[in-house]
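For chain A, the structure is supplied; the task is to place chain B on it using the hints.
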Amino acid sequence: MTNPIQTESESAVSRHAARDRPLDTDDETGVDDTALAIETRGLVKHFGETKAVDGIDLSVPRGGIYGLLGPNGAGKTTVIRMLATLLRPDAGTARVLGHDVVSDADSVRDRVSLTGQFASVDEDLTGRENLVLLARLLGYTRGQADARATELLEAFGLTEALARQVKTYSGGMRRRLDIAASIVVTPKLLFLDEPTTGLDPRNRSQVWEIIRALVADGTTVLLTTQYLDEADRLADRIAVIDDGRIVAEGTPGELKASVGSGVLTVRVRDAERREEARRVLSRILDAPVALESDPAALSARVIETDRVPHAFVELSRSEIEVTDFALGQPSLDEVFLALTDRSVHDAVSGEVSR
Amino acid sequence: MTIETEPAVADPDEEALRAAVAAGPRPPRASAVSASLTFGWRALLKIKHVPEQLFDVTAFPIMFLLLFTYLFGGALAGSTGEYLQTLLPGILAMTVVFITIYTGVTLNDDIDEGVFDRFRTLPVWQPSIVVGALLGDAVRYTIASTIVVVLGLLLGFRPGGGVIGVLSAVALLLVFSFSLSWVWTALGFVMRTPESLMGVSMLILFPLTFVSNVFVDPETMPHWLEAFVDVNPFSQLVTAMRGLMHGTATAGDIGAVLFVSAVLVVVFGPVTMYLFHREN
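Residue numbers (the working numbering), protein chains in the order written: chain A, 1 to 354; chain B, 1001 to 1280.
Chain A with its partners taken away, still in its complex shape (with noise of 0.2 Å):
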């Protein structure tokens, strides 16, 4: 352990130090250093007679930013919140950087920090404020607290909004104020429970890079959200959860080739033909096709790409025009939707991002 009791300058000397030494030298134990950084086996939570987690397997490795997918009620926030030590699972274990968040919980908190779905600061106070008190109860002398909290607001631009109330603030501010309460102490572990879920497009990139710095000095990121394009984005790899279990895992490259080797989008000239079209298509590629929003487009899965040369023959043969067409790989939207069986809407109830 560093001595606590230094002077600022020092702790800015040895702050930047800390980026050159490998993770997890400050553990004595040792144990941190070789465990996954989130290890669950068959993790179960009821609510009463719902599963809300119905026998989840995680092996969630250290570094870098692992994505929890799925639609609402999906069981995501559930897992984040036995995994942070404020859910005790029904069944299953769970290790978090080795320590099983039950018998070992206190060694679990001294690692992890938690965003909530919801603001986890205090309305009432200011920012600084906050960030004062947080630092206060992890151990922080007053003077270091003060410290921390400039700093931490300055970093995150929400110096002018110090000394106002959490409640007056707007909903990026807010965010971004949860997360510099996050990282009071740089956490090993941060659980951050869909981060950007409201936040516009501005604030959302503001939020992508400071989850991305803080991966960059060695955090490892633990995210939900039911964006598909922030998990495309921000993950390097993606568990699929859906009715409170894991429908599929892996990288989102993976996970697109999972689901087929590509997407045939086409346009025909005349709308009215778009059903003949269809029938068409579905009996040449031999899969469903779908009908799109433009009430002349039409997109299928293709499994073998060599019939799509065909399927536009036999759409020429029928006197069809195609005005545009595109194969490509699948984007994570469908293969989210492939995944979890349902239809945009009831899947994320319209807030699919695009």
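I should point out that these hints are in silico values taken from the structure, not numbers from a laboratory.
Owing to the predicted nature of the structure, the values given are computational and were not obtained by experimental measurement.
Stretch by stretch, here's where chain B covers chain A in the computed footprint (C-beta under 8 Å, at least three residues):
(1) 83–93
(2) 111–120
(3) 142–153
(4) 205–216
Glycine included, every Cβ here is placed at the ideal spot set by N, Cα and C.
Same frame as chain A, now just chain B:
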């Protein structure tokens, strides 16, 4: 949730951001005392930012004292001035004990806030969250006590025990209230809404405070009622406070209150913490 746009706030500075997130030296864990005091500080900050919450600790005592002194004084003791000498310690105890309900209500409100999740994931001595809230409440109890005593002095209360007597009576009251608060914190985790908690607390406190020796001499009551009043811990508190304020307290009176307080903490402290950790 609505989409927010914010024109005026600067983008986080990349260099400052990198420095701020870089893992710093980890401070040693906050001690139980330091964590409790910090949570107490939070309670004071909340009073500072939401001063309306002091309404109950100022209005209640004034209302109780004036109401009961002038309503009952003439009938029960011949004169209001005479009555005030026995009534004031009891009214003081009653007002503060009633205010303890708000401890549970505040906590019940707090649990639903996201910030509570953050506190629960901190590596601190977990009971400090509740202890700190109670310490903050001690400030509220002190404000209420000051109001009752000052108003009483203005109305003609003349304590024979002097300043020391009054201060030690208030101190004893604070100890008792701190201990009793654990009952409400425990209930605060059981009851779903602040309203239901309020209802149950009132149901307990009304008989406890009214069926006591605050207003009348228990010897005027039927025997079965007198027996209850005599063992009522609240009566014991009032007896000890009267004794301290008028300089006639016995070690037995004070000891009885401290014993009851200790029992309350020993029983309801662990119950509160059990409920605190229990999952929903």
